[in-house]
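**Q** Chain by chain, the residues:
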Amino acid sequence: MSAYSLVSSFLSYVFTTIIYLFIFSVIALIYMDIKRANRGEKTGYDFDELDTAEMLEDEPVEDEPETPKEKKHKPSAILRTVKSREAKECGMKAAYRIGEKGAIIGRGKDCDISIKDMYLSVEHFQIWHEDGLWYIGDMGSKNGTFLNEVRLKKVKTLYDGDEISFGGLQVIFEEEA
Amino acid sequence: MEKANFKLPAYLLIIMNALGFLLLFMANDYRANVLYVGLGLLGLFILIYSILVICNMGDKFLVLIASMLMTLGVLMLCRLDIIMGARQIVWICIGGMVFFVTYCIYYNIRFWNRMWFLYAAGGIILFVLTLVLGKTVNGSRNWISFGPLSFQPSEIIKIFYIMFLACHYSGSWTKPFLRLSPTLMTGAVTYVYILFLVLQRDWGTILVVFLIFIFMIYVYEEQKWFLFANIASAAVVAAFGYLFLYHIQVRVGVWLDPWADVSNKGYQIAQSLFAIAAGGYFGRGLGNGAPDYIPEVHTDFIFSAICEEMGVFGGAAVIILFFLLAYRCFKITLNTKNLYNKAVGLGITLMFALQTFIIIGGVTKFIPLTGITLPFVSYGGTSVVVSFASLGIMQAISALEARKGGTERDENE
Amino acid sequence: MKTNRRIIRVLIVVSALFLALLSYLLYFNMFEAERVSTNPYNRRQWDDERYVTRGTIYDADGLVLAETVENESGGVMRKYPQGRIYSHVIGYCSQVYGKSLLEREYDSELLGKGDLDLFQGDKKKGFDLNLTIANSLQKYAYEQMRGKRGALVAMNPQTGKILAMISLPDFDPNAATLEKSWGDIVENENSPLIARAVQGLYPPGSTYKIVTAAAAYENGLAGTKFNDEGKFTVGDLTVENYNGKKYGEISIEKAFAVSSNQVFCSVGFELGSEIIKEISERFWIGKSIEFDLQTAASRIEYKKMSDSDSALVAIGQGQLLTTPMEMAVICSAIANGGEIIRPYLVDSITKNETVVKSSKEKVLGRAISEECAEYVKERMIETVNEGTGTKARISGVTVAGKTGTAENENEKDHAWFVGFAPAETPEIAVAVILENDGRSGGDSAAPIARNVMSRYLSSVK
Chain A
1 MSAYSLVSSF
11 LSYVFTTIIY
21 LFIFSVIALI
31 YMDIKRANRG
41 EKTGYDFDEL
51 DTAEMLEDEP
61 VEDEPETPKE
71 KKHKPSAILR
81 TVKSREAKEC
91 GMKAAYRIGE
101 KGAIIGRGKD
111 CDISIKDMYL
121 SVEHFQIWHE
131 DGLWYIGDMG
141 SKNGTFLNEV
151 RLKKVKTLYD
161 GDEISFGGLQ
171 VIFEEEA
Chain B
178 MEKANFKLPA
188 YLLIIMNALG
198 FLLLFMANDY
208 RANVLYVGLG
218 LLGLFILIYS
228 ILVICNMGDK
238 FLVLIASMLM
248 TLGVLMLCRL
258 DIIMGARQIV
268 WICIGGMVFF
278 VTYCIYYNIR
288 FWNRMWFLYA
298 AGGIILFVLT
308 LVLGKTVNGS
318 RNWISFGPLS
328 FQPSEIIKIF
338 YIMFLACHYS
348 GSWTKPFLRL
358 SPTLMTGAVT
368 YVYILFLVLQ
378 RDWGTILVVF
388 LIFIFMIYVY
398 EEQKWFLFAN
408 IASAAVVAAF
418 GYLFLYHIQV
428 RVGVWLDPWA
438 DVSNKGYQIA
448 QSLFAIAAGG
458 YFGRGLGNGA
468 PDYIPEVHTD
478 FIFSAICEEM
488 GVFGGAAVII
498 LFFLLAYRCF
508 KITLNTKNLY
518 NKAVGLGITL
528 MFALQTFIII
538 GGVTKFIPLT
548 GITLPFVSYG
558 GTSVVVSFAS
568 LGIMQAISAL
578 EARKGGTERD
588 ENE
Chain C
591 MKTNRRIIRV
601 LIVVSALFLA
611 LLSYLLYFNM
621 FEAERVSTNP
631 YNRRQWDDER
641 YVTRGTIYDA
651 DGLVLAETVE
661 NESGGVMRKY
671 PQGRIYSHVI
681 GYCSQVYGKS
691 LLEREYDSEL
701 LGKGDLDLFQ
711 GDKKKGFDLN
721 LTIANSLQKY
731 AYEQMRGKRG
741 ALVAMNPQTG
751 KILAMISLPD
761 FDPNAATLEK
771 SWGDIVENEN
781 SPLIARAVQG
791 LYPPGSTYKI
801 VTAAAAYENG
811 LAGTKFNDEG
821 KFTVGDLTVE
831 NYNGKKYGEI
841 SIEKAFAVSS
851 NQVFCSVGFE
861 LGSEIIKEIS
871 ERFWIGKSIE
881 FDLQTAASRI
891 EYKKMSDSDS
901 ALVAIGQGQL
911 LTTPMEMAVI
921 CSAIANGGEI
931 IRPYLVDSIT
941 KNETVVKSSK
951 EKVLGRAISE
961 ECAEYVKERM
971 IETVNEGTGT
981 KARISGVTVA
991 GKTGTAENEN
1001 EKDHAWFVGF
1011 APAETPEIAV
1021 AVILENDGRS
1031 GGDSAAPIAR
1041 NVMSRYLSSV
1051 K
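Residue numbers (the working numbering), protein chains in the order written: chain A, 1 to 177; chain B, 178 to 590; chain C, 591 to 1051.
The set of hints was computed from the structure by calculation and includes no laboratory data.
Even glycine gets a Cβ: it sits at the ideal position worked out from N, Cα and C.
Worth double-checking, as some hints may not be accurate.
[Claimed, not checked] Straight-line C-alpha distance at most 30 Å; calculated BS3-like pairs for lysine-lysine:
1. Lys592/C with Lys352/B
2. Lys729/C with Lys1002/C
3. Lys844/C with Lys815/C
4. Lys592/C with Lys88/A
5. Lys844/C with Lys821/C
6. Lys184/B with Lys35/A
7. Lys592/C with Lys83/A
8. Lys88/A with Lys514/B
9. Lys592/C with Lys401/B
10. Lys950/C with Lys714/C
11. Lys592/C with Lys93/A
12. Lys770/C with Lys442/B
13. Lys867/C with Lys821/C
14. Lys729/C with Lys952/C
15. Lys156/A with Lys88/A
16. Lys689/C with Lys442/B
17. Lys93/A with Lys514/B
18. Lys154/A with Lys93/A
19. Lys35/A with Lys514/B
20. Lys894/C with Lys867/C
21. Lys592/C with Lys35/A
22. Lys514/B with Lys592/C
23. Lys83/A with Lys514/B
24. Lys941/C with Lys703/C
25. Lys109/A with Lys153/A
26. Lys669/C with Lys770/C
[Unchecked claim] Partial list, computed: chain B residues near chain A (C-beta under 7 Å):
27. Leu189
28. Met193
29. Phe459
30. Phe490
31. Leu501
Assemble the whole structure, with the sequences as input and the hints as a guide.
**A** Spelled out as structure tokens, the structure:
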């Protein structure tokens, strides 16, 4: 056995290791890419279009009934779910109505809006109404609440069309006139 | 943070190249030329990849995976014959340029979907040229030479064919030609191509072309009878081929029992199996084996050589890499909204996947052996350049989708 | 989108194809690679030989049995100075037809694989093998068997050392002759390539009464008297005694010595299939014997064995098949007090006369108790002294043995003899079979066994 063939046989193990590390790192990247795309982040073309398409077909949008006119004087708002695989998986409704008392959103059963998603804290964030304005505040959640892609550090005012993300989920805040 | 992670596979690629060429350096009596060759290749990869990232040209995985495949191929080729390896690197260099050129052309031209006639005619002209000027290599008459340069038109024809199919299946070509509806016309052109390929005895390409056709029909054709009719006719033709064409009988016979005539008809496949069996799980080590016992080891049988010296795990890695490449291509195809690009993307994806399956399946005796190159790995200018061109198109499709969301082009149609 | 859904299906098909390819590659490497790489057309097998001189094989006294020599043109050649005598022990080593037996089983040792000595010049030498066989006895046994078809196995019943091993017909293993006559050898209807001693499967006939006698003893049948009318009948099965003899009232001990089929069929029938099967397993039927060469596994082929089947198995007929090696091992078990001893052929592996690895005696298991072995031994001594095995008597030495004449469908009987000597402190156990000899084991096989034992004992003294 010459020195070269000894080195070469040894390197064959090294090569195998490197190639598989390479494969795993590529798989990890691809996986991350898909996950990101599924969460609806704007990462370019790699949005998993199919799932959304399927959802649109399979699940007719079940909007909450439009606000009856006689209740118009009371403030209320709607959280409209952005469709995604995660939203489908944890059984989110197409939209949630929030009355003047506001709402606590979280994984816990006692929350006003309870969503069974593993990335949510028991009480994740809350929305409430005060003096004609809507506010949002994080309730010390583990994974944070994002308002228009910015992590909430203190209470912020909510405006119509704001995008709220939490866990892998997204909702659009819509104020009802 | 997530961007930083892309560095890991890139580093691994660099380490792989560095170690590989150091080993070859040792094997070649420490001649510095080997190191230059290695540095050249590595520089090339880094250059291509950097341009890709800096210019934000869409998908980053395709080139990364292809680079790893090329590394494995070049290491093997350099080990077989350092001159051949160096030549392959020159081809990769040309291929890289072709990649960017194809990318730019495909990216900027928007009337690809209107030129079905050109593709069909181009293919047929190339076929006729091959028949007239071609020379026979290993029983297949599929080479054309111009002075010292020779190329395999069938490789280029595959791209034409895919673009031709896409014209019809994207719905861009609806007017009948000579009273033949596009559907029938597509079928007719396919069978004309196959007839030419039969004349050239290029069975591998026949299989690739026909399977692409069948899958395209499956995806796009609403009328199921057309799919079944094609499969049925293929079965009939295959049965006739088996009954009357000696070549096919031999291939099937050798596949069923290569040991019956090891010294003659079964020689190639037996040598390939010996090589794979010799490798074990981790291989005998680069330079320790005897892959040169296999005829055509640098082109069709490069996979067996990889199995012998890098082991079954090395071989499995090649298969996985090709699968990842195909998977990425599928992903791009799925995300593309422009119908023509989608069809072209699907065609190219299928070409990569099927070609890999057919040749690796062939050399391992999983399916009957039909000679065809392993994209990016096999030695050969045409193969490398065409693979790069296909990759360029794929890259352009992904970039178009990323930047414009495909909408602009949709409106043009 | 419909298109996308279909494309996903195509993706699934492609994934399945790739997965199949991957699985096949792993399958090939796990289950087929070894068979493929030993194909004689694989030139790789000879690559090592270019850098390594294949090791030499010696007999117990250091006589060369196989060596690699260089010919005039610088190529190498495997030479077998003893010619055919070892063709079914050492086998052959041909660049065209591959390797067999010891040459194959010990290929990596003969090529010195695992020898990490990096500094020994251009051409290194593989390891040498030293066999347990002494050429003098092997040659003598070969002469005794000359012209016959069959096998002979002689071993030391205490240690398991093989002393002689003959299988006939044989062939000339020297590459040049082998390659020239390969066609004839392969097409020969007597299959000269089969190493009958370890791979030939035969009905053991009456020699198997040794096992039945042990079962009888264990189940308290010792001393029982039977009425022998020359014929055993149960259901539609009828077995006659050899030459149709009737012994009348007879003890089981006497019945062993005269080899009464009627009595032993009755014993087998009475004990039943479970007991016969169980004791057979203890004697290593159904398992292949651990050996330096590949051995065929002796076996009882019944899927479901009835008691009338066990009557047949008790006299070594029916669907019972054993190798000569197995019979030698059973015989050794009686000789050594009931233990199944592992036979071995390669005594040590050496390099430049330093031992790299040496074989050790190994007991594979206990078949029967010492008392039981003693009981059967007594029966075997009686057989040689006053029963069917008188032609195995050696003056001045007590010999124990058992004859057998195994019936065959449509062909002449096989003649068997198994025995050992000296009965008091056994030094050699022998099993002899003569295929389709037609004569009884006592007439034809016993003298050969006697000669071999006697020769061995006189050479030791």
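**Q** Decide, hint by hint, whether the structure agrees.
**A** Verification of the hints:
1. Lys592/C with Lys352/B: Distance of about 24 Å is within 30 Å: holds.
2. Lys729/C with Lys1002/C: OK: lysine 729/C and lysine 1002/C at ~28 Å, within 30 Å.
3. Lys844/C with Lys815/C: holds, 9 Å
4. Lys592/C with Lys88/A: Distance ~21 Å between lysine 592/C and lysine 88/A Cα, so the pair holds.
5. Lys844/C with Lys821/C: Between lysine 844/C and lysine 821/C the Cα gap is close to 17 Å, so the pair holds against 30 Å.
6. Lys184/B with Lys35/A: holds, 20 Å
7. Lys592/C with Lys83/A: holds, 20 Å
8. Lys88/A with Lys514/B: Within the cut-off at roughly 24 Å; holds.
9. Lys592/C with Lys401/B: holds, 14 Å
10. Lys950/C with Lys714/C: The hint holds at about 28 Å.
11. Lys592/C with Lys93/A: Holds - the C-alpha atoms of lysine 93/A and lysine 592/C are around 26 Å apart, at most 30 Å.
12. Lys770/C with Lys442/B: Satisfied, since the Cα-Cα distance of roughly 24 Å is no more than 30 Å.
13. Lys867/C with Lys821/C: Judged against 30 Å, a Cα distance of about 24 Å means the pair holds.
14. Lys729/C with Lys952/C: holds, 27 Å
15. Lys156/A with Lys88/A: The hint holds at about 28 Å.
16. Lys689/C with Lys442/B: holds, 24 Å
17. Lys93/A with Lys514/B: Satisfied, since the Cα-Cα distance of roughly 28 Å is no more than 30 Å.
18. Lys154/A with Lys93/A: Distance of about 27 Å is within 30 Å: holds.
19. Lys35/A with Lys514/B: Holds - the C-alpha atoms of lysine 514/B and lysine 35/A are around 20 Å apart, at most 30 Å.
20. Lys894/C with Lys867/C: holds, 11 Å
21. Lys592/C with Lys35/A: Holds, at roughly 23 Å.
22. Lys514/B with Lys592/C: Holds, at roughly 13 Å.
23. Lys83/A with Lys514/B: Answer holds: lysine 83/A to lysine 514/B is near 19 Å, not above 30 Å.
24. Lys941/C with Lys703/C: holds, 12 Å
25. Lys109/A with Lys153/A: The hint holds at about 25 Å.
26. Lys669/C with Lys770/C: holds, 15 Å
27. Leu189: Nearest chain A Cβ about 4 Å off; hint holds.
28. Met193: It holds, given that the least Cβ distance between methionine 193/B and chain A is near 5 Å, below 7 Å.
29. Phe459: holds, 5 Å
30. Phe490: Where the cut-off is 7 Å and the nearest Cβ of chain A is about 5 Å from phenylalanine 490/B, the hint holds.
31. Leu501: holds, 6 Å
Hint violations for this structure: none, all hints satisfied.
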